[in-house]
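There are 2 protein chains.
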Amino acid sequence: MTAPFGKVAVIGLGLLGSSLARAIRAALPAIALSGYDADPAVRARAGEIALVDDVADTAAQAVSGADLVVLCVPVGAMATAAQAMAPGLAPGVLISDVGSSKAGVAAMLAQALPGHRIIPAHPVAGTEQSGPDAGFASLFRNRWCILTPPAAADPADLARLTALWEALGARVDVMDAEHHDLVLAVTSHLPHLIAYCIVGTASDLERVTQSEVIKYSAGGFRDFTRIAASDPTMWRDVFLTNRDAVLDMLGRFNRDLTELTEAIRAGDGPTLFDHFTRTRAIRRSIIAMGQDDARPDFGRSDHDGAKP
Amino acid sequence: MTAPFGKVAVIGLGLLGSSLARAIRAALPAIALSGYDADPAVRARAGEIALVDDVADTAAQAVSGADLVVLCVPVGAMATAAQAMAPGLAPGVLISDVGSSKAGVAAMLAQALPGHRIIPAHPVAGTEQSGPDAGFASLFRNRWCILTPPAAADPADLARLTALWEALGARVDVMDAEHHDLVLAVTSHLPHLIAYCIVGTASDLERVTQSEVIKYSAGGFRDFTRIAASDPTMWRDVFLTNRDAVLDMLGRFNRDLTELTEAIRAGDGPTLFDHFTRTRAIRRSIIAMGQDDARPDFGRSDHDGAKP
Numbered sequence: 001m002t003a004p005f006g007k008v009a010v011i012g013l014g015l016l017g018s019s020l021a022r023a024i025r026a027a028l029p030a031i032a033l034s035g036y037d038a039d040p041a042v043r044a045r046a047g048e049i050a051l052v053d054d055v056a057d058t059a060a061q062a063v064s065g066a067d068l069v070v071l072c073v074p075v076g077a078m079a080t081a082a083q084a085m086a087p088g089l090a091p092g093v094l095i096s097d098v099g100s101s102k103a104g105v106a107a108m109l110a111q112a113l114p115g116h117r118i119i120p121a122h123p124v125a126g127t128e129q130s131g132p133d134a135g136f137a138s139l140f141r142n143r144w145c146i147l148t149p150p151a152a153a154d155p156a157d158l159a160r161l162t163a164l165w166e167a168l169g170a171r172v173d174v175m176d177a178e179h180h181d182l183v184l185a186v187t188s189h190l191p192h193l194i195a196y197c198i199v200g201t202a203s204d205l206e207r208v209t210q211s212e213v214i215k216y217s218a219g220g221f222r223d224f225t226r227i228a229a230s231d232p233t234m235w236r237d238v239f240l241t242n243r244d245a246v247l248d249m250l251g252r253f254n255r256d257l258t259e260l261t262e263a264i265r266a267g268d269g270p271t272l273f274d275h276f277t278r279t280r281a282i283r284r285s286i287i288a289m290g291q292d293d294a295r296p297d298f299g300r301s302d303h304d305g306a307k308p
Numbered sequence: 001m002t003a004p005f006g007k008v009a010v011i012g013l014g015l016l017g018s019s020l021a022r023a024i025r026a027a028l029p030a031i032a033l034s035g036y037d038a039d040p041a042v043r044a045r046a047g048e049i050a051l052v053d054d055v056a057d058t059a060a061q062a063v064s065g066a067d068l069v070v071l072c073v074p075v076g077a078m079a080t081a082a083q084a085m086a087p088g089l090a091p092g093v094l095i096s097d098v099g100s101s102k103a104g105v106a107a108m109l110a111q112a113l114p115g116h117r118i119i120p121a122h123p124v125a126g127t128e129q130s131g132p133d134a135g136f137a138s139l140f141r142n143r144w145c146i147l148t149p150p151a152a153a154d155p156a157d158l159a160r161l162t163a164l165w166e167a168l169g170a171r172v173d174v175m176d177a178e179h180h181d182l183v184l185a186v187t188s189h190l191p192h193l194i195a196y197c198i199v200g201t202a203s204d205l206e207r208v209t210q211s212e213v214i215k216y217s218a219g220g221f222r223d224f225t226r227i228a229a230s231d232p233t234m235w236r237d238v239f240l241t242n243r244d245a246v247l248d249m250l251g252r253f254n255r256d257l258t259e260l261t262e263a264i265r266a267g268d269g270p271t272l273f274d275h276f277t278r279t280r281a282i283r284r285s286i287i288a289m290g291q292d293d294a295r296p297d298f299g300r301s302d303h304d305g306a307k308p
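Sequence order for the protein chains is A and B. All residue numbers for the first sequence refer to my numbering, where the first residue is 1 and numbers rise by one. All residue numbers for the second sequence refer to my numbering, where the first residue is 1 and numbers rise by one.
So here's chain A without its partners, still in its complex pose (with noise of 0.2 Å):
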């Protein structure tokens, strides 16, 4: 296909950052990528691997020239990050990001880029590891990235956009910014606040040590330490930015959580058994969607014994 940008500026090279350089590198080799973070360290790892053609010294460098920039830098990071490269901008660059929440991102990239083409996105992909080694190019494979065009952006540039997630792999879905707040707050960001709880929770402990919670952690434990290792900044700024939406998803979580806690408390078997059976049917849907691995346990691979 005929790239839909000449060159392609990403700032942050984190794991999405790294993640993206890399999926434009295998499919659209004819692109020009050129690259910064705000890290020095991460700036001088990203040359070593040559991540991007290009590692610039400064935003404002990285971005000239190039015909779409994507921020993939923490929430709370857009707008300084939005500032620094606003200098080295080209005219009629089109501006994205790849943040997990919408409209605090939208407000923020208009008012640091005033009259610039902006159409934010969010790529719902990523593992629990950080850096730009852990970035690979097929994170985006089979994954929806989501777009929240603002009501006055150039179909033009939604397609040109829509036609790059697509060549990595993505299936492209546009929504406006604030139901895809509402989306994720409850496929995403509520889950990782409970993550973050539940393994806190079981870390401060009296009568159990930290020793016996990593033990007997296959009991279903571990699966949620997977999250709760995901980068902190990141959803620190997930958190303040959607705020809204989080808390009003953890008025219903809690509702909820009341009442099988009720349940629990009457020894009342029927309310349990009742919910524990509606719920096993979103995982069937999950998988036949190809939204997750079909195999018990996520396929893991630790029933091999090949681990000490």
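Please note that the accuracy of each hint is not assured.
[Said to hold, decoys possible] Computed Cβ-Cβ distance ranges for the label pairs, DEER-style:
1) Ala60(A) / Leu247(B): 56 to 64 Å
2) Leu247(B) / Asp53(A): 52 to 60 Å
3) Gly290(A) / Ala38(B): 32 to 40 Å
4) Gly267(B) / Ala110(A): 18 to 26 Å
5) Leu158(B) / Arg295(A): 33 to 41 Å
[Stated by the list, open to error] Residues of chain A clear of chain B, computed beta-carbon distances all greater than 10 Å:
6) Ala167
7) Ala202
8) Gly299
Rather than coming from a laboratory, the hints here were simulated on the basis of the structure. Don't be surprised by glycine CBs; every beta carbon is placed ideally from N, CA and C.
Starting from the structure of chain A, add chain B where the hints point.
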């Protein structure tokens, strides 16, 4: 090694029972194996796949001549199963189980089988799947099996049961039933309740459709759906039999969740960042202890592009 038992009867041929039978076959082929399940369809299937040497028509027949009987039924079905098999028990037979709560099971078994040798056990292992076809021989490898012998237990019985589980690849720990129930309340029971709860919450929203929840589940939610696909009968019984420890842990979890909620409401970034940083270390320890897959995303294969 010399097999620690001559004939083992497995009562209940679901995920755990069929895994136990397969593991014994693989590691200790000298042991004669009989089996029984209260569900005629499961008995028929067990016969078809020759899961044990002899699928009996009654629990009493299954245990006849066995020097070890392992109850692999939901905790709430233990007493009924014990009563059903009691007439067939040989003198000196050792009775054990694989239930996820232990103090209640110990009391039920002691009442149902007075005068018998009983050592309850809990292999901390499983998947979200159920039934005789879901089992596999390596399920217990590198997992901990917790034995909770009563004070009067014969040390020779404890040694034989330990030898059996170690032969199946498990690591054995011994503790009292009450402490087991407290530890597992945090490493297994609370995580399951939270997962069941959040999956229910996500299913019942008005402004977010189930289709959206499924599509964007890779943002974190899908991890919870695996646990929430676990067997409803088994988990109902766990919560009914380990009520006090679960309510204790729920109280602590709620207190911590309230703190995180207040931090979000107040826009208190440092508190969130601090909490999210502490939880990272636990996962590293779990992986170092061989209790989870070290690969990102549990080594899920859905980035390989093989799926639709």
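Cross-check of the supplied hints:
no., hint, in the structure
1, Ala60(A) / Leu247(B): 56 to 64 Å, "holds (57 Å)"
2, Leu247(B) / Asp53(A): 52 to 60 Å, "holds (59 Å)"
3, Gly290(A) / Ala38(B): 32 to 40 Å, "holds (37 Å)"
4, Gly267(B) / Ala110(A): 18 to 26 Å, "holds (21 Å)"
5, Leu158(B) / Arg295(A): 33 to 41 Å, "holds (36 Å)"
6, Ala167, "holds (14 Å)"
7, Ala202, "violated (5 Å)"
8, Gly299, "violated (6 Å)"
Hints 7 and 8 from the list above are not met by this structure, while the remaining hints are.
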